[in-house]
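Chains as they are written, first to last, in this note's numbering: chain E, 44 to 423; chain D, 44 to 423.
Hints in this document: simulated from the structure, not taken from any laboratory. Just so you know, not all the hints are guaranteed correct.
Any copy will do: because identical chains look the same in the list, a pair fits if it lies in one copy or spans two.
[What the hints assert, rightly or not] Only pairs whose alpha carbons sit at most 30 angstroms apart, straight line, appear in this in silico DSSO-like list of lysine-lysine:
# : residue 1 : residue 2
1 : Lys364    : Lys47
2 : Lys393    : Lys258
3 : Lys352    : Lys258
4 : Lys47     : Lys192
5 : Lys47     : Lys352
6 : Lys258    : Lys47
Being a predicted model, the structure only gives us computed values, none of them experimental.
Protein chains: 2
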Amino acid sequence: MFAKRIERLTSSLVRDILAAASRPGVISFAGGLPAEEALYRPDLAQVQSAQQLNCWQYGQTEGEPQLREAIAAEARALGIACEASQVLVLSGSQQGIDLVSKLFIEEGTRVLVEAPAYLAAVQSFRLFGADFLPVTVDPTAGPDNQSFKVALEQAQLAYLTPTFQNPSGYCYPDEQRDRIAAALDTAGVPLFEDDPYRELAFDGAAPQPIVGRLKHAPWVYQGSFSKTLAPGLRLGFLIAHPILVPHLTRLKQAADLHSNRLSQHLILQALQGGLHEHVAQILPIYRERRDAMHVALQRHLGDLVTWQKPVGGLFFWVQFKQPVDTHALMKQALEAGVAIMPGDAFYTEKPALSCLRLNFSHSTPQDIEEGMARLASLLR
Amino acid sequence: MFAKRIERLTSSLVRDILAAASRPGVISFAGGLPAEEALYRPDLAQVQSAQQLNCWQYGQTEGEPQLREAIAAEARALGIACEASQVLVLSGSQQGIDLVSKLFIEEGTRVLVEAPAYLAAVQSFRLFGADFLPVTVDPTAGPDNQSFKVALEQAQLAYLTPTFQNPSGYCYPDEQRDRIAAALDTAGVPLFEDDPYRELAFDGAAPQPIVGRLKHAPWVYQGSFSKTLAPGLRLGFLIAHPILVPHLTRLKQAADLHSNRLSQHLILQALQGGLHEHVAQILPIYRERRDAMHVALQRHLGDLVTWQKPVGGLFFWVQFKQPVDTHALMKQALEAGVAIMPGDAFYTEKPALSCLRLNFSHSTPQDIEEGMARLASLLR
């Protein structure tokens with residue numbers, strides 16, 4: 044009865060973990076939620092009184108013109124030469140993954156992905172029939188240059204999250220970005236650069252996006268307001284090479300006509316005054332939690348695992364020195380009131396090491412300490 | 044470079060018409076916009092002050108529990124036996140079309156559609172590779188029973204808009220709905236019933252949905268708040284047979300994680316107090332415009348075309364007595380400041396008669412009279 048792609052809809056393991064993680068009393072390192080204290084809560088009364096709100100009728104598929112202008116200006120400041128006409132407002136950046144999948148991927152399309160990679164992107168690519176070319180991302184050194192080039196020779200699309208990658212936390216330095224941009228230009232392979240964590244930089248700004256360094260290769264760049272403002276507003280954006288924009292616009296129209304106009308209005312207001320101040324205010328919350336998890340890992344698991352202290356984003360990527368059944372551990376941990384995410388969920392092939400992704404943004408420093416202590420007692 | 048489906052992304056004719064139709068000074072019968080005067084404009088200040096708003100964090104893919112309960116209760120009152128667990132909140136009902144396409148349609152899937160049919164659904168089905176089995180919907184008598192049965196023998200999915208169909212305006216009576224439900228049960232073909240216009244009933248309530256009459260066949264029913272409240276909020280819903288819900292939920296998660304929570308909050312408030320009153324208030328606006336277009340058609344085009352006065356929805360479906368090049372007429376009309384939609388856009392095969400779809404909801408009675416006079420002068 045169903046289309047063949049439905050067989051490729053991956054199991055609900057992650058959904059099950061996240062559902063269990065949201066139970067009261069569970070300390071969750073499993074999800075990727077912003078801190079409750081960091082959420083942007085716009086003053087709706089002020090929105091209403093300050094101006095004639097005009098957001099109730101159908102709107103444009105591409106997004107509100109002023110918002111597109113503001114997004115393009117922010118992107119130019121990051122070093123992406125672009126016009127507002129290349130901007131498509133999205134109903135969250137997950138939608139960009141759906142649209143790019145539809146544009147490029149059918150059964151057998153070879154997609155270069157990082158290993159580990161963002162899970163929901165891999166799931167979408169798989170749904171549309173992708174074959175994967177995984178390139179290992181070392182948590183300290185990133186992708187190996189030679190492996191990347193070899194994969195690129197086969198690839199029809201490359202998907203990268205070079206800035207505070209989910210899950211590894213790795214941030215590609217300038218010279219690596221330059222090398223990758225040159226390789227993509229030579230191969231003529233389209234780049235899909237996913238950049239939702241850029242603003243959550245704890246130890247200095249991230250380097251210019253890779254798409255800003257490309258000379259020939261087609262590209263799609265996307266960002267999100269979910270980590271800096273409020274995920275409940277479901278608003279993100281993509282910016283694309285001009286040859287891709289008309290197709291992506293029609294795909295967006297077929298997906299949901301256009302994005303929520305009230306959210307677009309609220310986000311535009313934030314962009315025009317307060318987004319960067321808001322981010323500056325929330326960074327200390329994240330930095331404190333990041334540091335708390337680093338200290339708790341040292342204290343409780345320092346002899347069992349290795350990790351890098353992330354310089355941005357929402358996650359620690361933890362590798363066990365000895366093989367561990369992380370799925371069994373996950374179940375035991377849930378019984379002990381701690382939710383963790385097994386690392387193999389982020390791979391398209393079985394990984395060499397046992398690993399975990401641990402989210403630090405949604406737990407208080409006290410809960411981080413307590414959760415890590417519980418985890419350690421299970422492992423001993 | 045692109046997936047093969049991109050070749051099936053239909054041309055931008057309709058987008059071009061709608062863009063031209065939105066130019067200042069153009070009287071537009073081309074789109075499907077609610078009356079500006081009928082838009083629901085929630086009091087955001089009151090929303091803010093009345094309660095602790097909790098809509099900024101990530102939410103559930105299926106939608107807010109209270110809203111799902113309220114939608115299920117409304118559906119039960121229409122004669123659809125269902126629970127809240129079968130409800131999926133959508134980012135507009137266009138998203139339901141995308142999700143159902145993904146669930147059922149791949150290259151060569153045979154889909155029974157009405158002829159004419161809702162354009163954006165046909166485009167989505169085509170994008171995913173559907174082959175069409177069109178069943179002619181007579182504007183007076185609906186689909187022929189025998190033709191429907193023959194098409195059903197081949198079909199793998201049936202897509203119907205039985206209530207104030209876009210574009211024909213036709214509303215299936217009870218006995219036709221019963222016959223179709225029985226035929227679907229016999230054939231075991233899943234029904235996708237699209238029902239966005241039900242509340243816009245000018246001459247009495249519409250009959251029970253077909254899905255409520257099914258005994259065995261799987262089904263998806265969807266509705267929208269765009270016609271009754273505000274399309275800019277981009278919120279709709281689907282209700283599905285229990286065996287389909289887990290797949291549709293995962294497809295929704297891959298498409299945009301979940302729908303806008305502020306919109307869900309605003310719509311829930313409307314459902315809890317005021318939606319039906321709001322609809323009762325706006326119906327006279329629509330009835331007046333519908334009657335104005337009926338009179339203007341009689342006055343200006345009565346000898347050239349045939350039509351049924353629609354008992355609901357947003358459109359007149361007008362058939363020429365003699366062949367007319369409706370695309371040339373559309374261009375001439377645009378130059379004369381009137382936007383119309385050629386009827387062949389709504390067919391998967393070339394239709395037997397020349398026809399137009401004329402929207403009456405977004406123009407004042409004066410503009411309807413003026414626009415129709417201009418159209419008539421072009422035709423003489």
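Hint check:
{"no.": "1", "hint": "Lys364 / Lys47", "in the structure": "neither (40 angstroms within a copy, 45 angstroms between copies)"}
{"no.": "2", "hint": "Lys393 / Lys258", "in the structure": "neither (35 angstroms within a copy, 45 angstroms between copies)"}
{"no.": "3", "hint": "Lys352 / Lys258", "in the structure": "neither (33 angstroms within a copy, 58 angstroms between copies)"}
{"no.": "4", "hint": "Lys47 / Lys192", "in the structure": "between (32 angstroms within a copy, 26 angstroms between copies)"}
{"no.": "5", "hint": "Lys47 / Lys352", "in the structure": "neither (42 angstroms within a copy, 43 angstroms between copies)"}
{"no.": "6", "hint": "Lys258 / Lys47", "in the structure": "between (38 angstroms within a copy, 26 angstroms between copies)"}
Figure legend: structure checked against the earlier numbered hints; hints not met, in rising order: 1, 2, 3, 5.
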